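Based on the provided sequences and hints, a complete structural model is requested.
Respectively, the protein sequence lines represent chains U and Y. In terms of this note's numbering, the first sequence is numbered consecutively and its last residue is 376. In terms of this note's numbering, the second sequence is numbered consecutively and its last residue is 283.
No incorrect hints appear here.
In the DSBU-like style, the derived pairs of lysine-lysine whose C-alpha atoms are separated by at most 30 Å in a straight line are:
1) Y:K103 / U:K102
2) Y:K103 / U:K144
3) U:K29 / Y:K103
4) Y:K103 / U:K142
None of these hints come from the bench; they were simulated from the model. Note that this is a predicted model, so its numbers are computed, not measured.
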Amino acid sequence: MSDLVLKDVRKSYGDAKVIHGVDLEIRDGEFVVFVGPSGCGKSTLLRMIAGLESITGGDVVIGGEQVNDIAPADRGIAMVFQSYALYPHKDVYGNMAFALRHAGEDKAVIDERVKKAADILGLDALLKRKPKELSGGQRQRVAIGRAIVRDPEIFLFDEPLSNLDAALRVQMRVEILRLHQRLKTTMIYVTHDQVEAMTLADRIVVLRDGRIEQVGTPLELYHHPKNHFVAGFIGSPKMNFLACDRVGDGTQVTAHGSAPITVLVKPRDAAGPFTLGVRPEHVDLVEPGQGQLDGTILVAERLGGETFLHVDLGDSEPFVVKADGNVRYVSGDPVGLSFPSDALHLFDANGDAFEHVERHALIA
Amino acid sequence: MAIASSDNAIRSNKVARTFIYLFLLLFALFYLMPLGIMLVNSLKPLSEITAGGMIAMPNEWTIEPWLSAWSTAQIGVQPTGLRPYFINSIAMAVPAVAISTVAGALNGYVLTKWHFRGATWVFGLLLFSCFIPFQIVLIPMARILGLLEIAGTTYGLILVHVVYGIGFSTLYFRNYYAAFPTELVRAAQIDGAGFFQIFWRIMLPSSGPIIAVCCIWQFTNIWNDFLFGASFASGDAAPMTVALNNLVNSSTGERPYNVHFAGAIMAAAPTLLVYIVAGRYFVRGLMAGSVKG
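Structure follows, in structure tokens:
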């Protein structure tokens, strides 16, 4: 039993409020990712769960026990840090054994558990090395090994892959995922990288300014963002936003004087101005005049397999379209845009999304 | 053409190098001269010095002045030589250096890794103590030592030097630990280490260079101090510096310059030795502290 429950958790430094009452339940064995822009409080929240930051208000409950005033070492958690935080004067074995030695564990038990963790992570050959003799990826593995050895109820990861290069990051991401499948332990993972969040998480918690914006599975956040912020944060390249007016019965909008665009949302009373959200991958390119909107190609970014077309619609920011790698557009070409109505998002003046008529097929 | 010009460059380089080494040699000789003259004169009979041959090599080599300075010369009224005072200085400097270094390390650790309200102020005040002239505190310090009943003892001197040393040692360690990754401390906390365990098992093992810097600095200052030694530890508890002064001032009749020279070298030897042995750690430690910031 290692459910984690946060009840109205708050944090302030003097007068500065950092976390404004977070409520969250994390089930045993779940992989939860905290994601948000810098300064949103995600790392602070993680350190509060770890016990490295005091809790100003509310409760942190692990496995049914309130742990607000319990020392980090006694909470049944282990943490992996961004900078790895390996003890520089100890070798790999010494790093992994530190916590157990400290707890006065039997030598044979320590040896067995360190060897087992080293085996899981492929560190057997490196046990006698000092951290400075290891590569970035190896250091990160040792840091994870140090956490595994403690056999925690909950793993906490604080941006563990940020210091690695791109190729290694992808590799370690897969390793962490496989580790979770193997250990089936609760994991909480903080990142600002939405690709990491989407690929790793059972559920994602999107934070902004110390508040939870939305909690849900990756696809739920992608297809049914609750608001303008989540919609813009999840997905890459990010969602395009167009100022629009509602027309007709409230499920049609016009943007930039376009033909009416149908959005499959449940109509409700809300104050404008409204915003239409369109993901770059949910736009069809057509001949000028054939779609709902026309524009001019500013830049074509060719990635080989796909092309990002930046289209000028007269706004300050270009409208980005994700197209096939073989499209022939060049800068200055006119283009027509057609919007499939089932993949559009509509937001009111507060940034709250209108609920879609139908849930996406992949989400139960 | 190209070959000729590169040849030229090498030749002018050689000329420059010769000049550089010449200058360096000249300056080295210049700085070594006083020590050389002291050494030469401490190894010749007094008669040769009074005859006016200060710079000349001894005609007759003798270690008599050294033996005299060490164990029989008149210090004040007692013919004890410098030996007991040398021991006094060791007994003062070693604990004072050790205590002020450990205290500085502890201060630096708390100031950088365990933030508390007013930490900046506390550090500011500690730093301020580095700039207080010694003379200002003589009388209040004498009163405090009197109240503690350790006036005139080596313990009193240890206390004075520890108090004065903490400012500098805190400065060294605070700056060093400011560059020390805080996540290591957090990781150790999660691994179950407490305040002092983190200090002993995580911080100190990584503090080699700055410990060297701090020890050299403190040892040099404390060993060379004359004012506190003369003010707070007269008589039998006097440190080496005060005893050297007494040696030079208390001779009757003819002044045994050769013995004075030997005594002066003895007084300077420990700090010289410390620099020769640990000098490169000193430079390395200073670099480590400054470059990392």
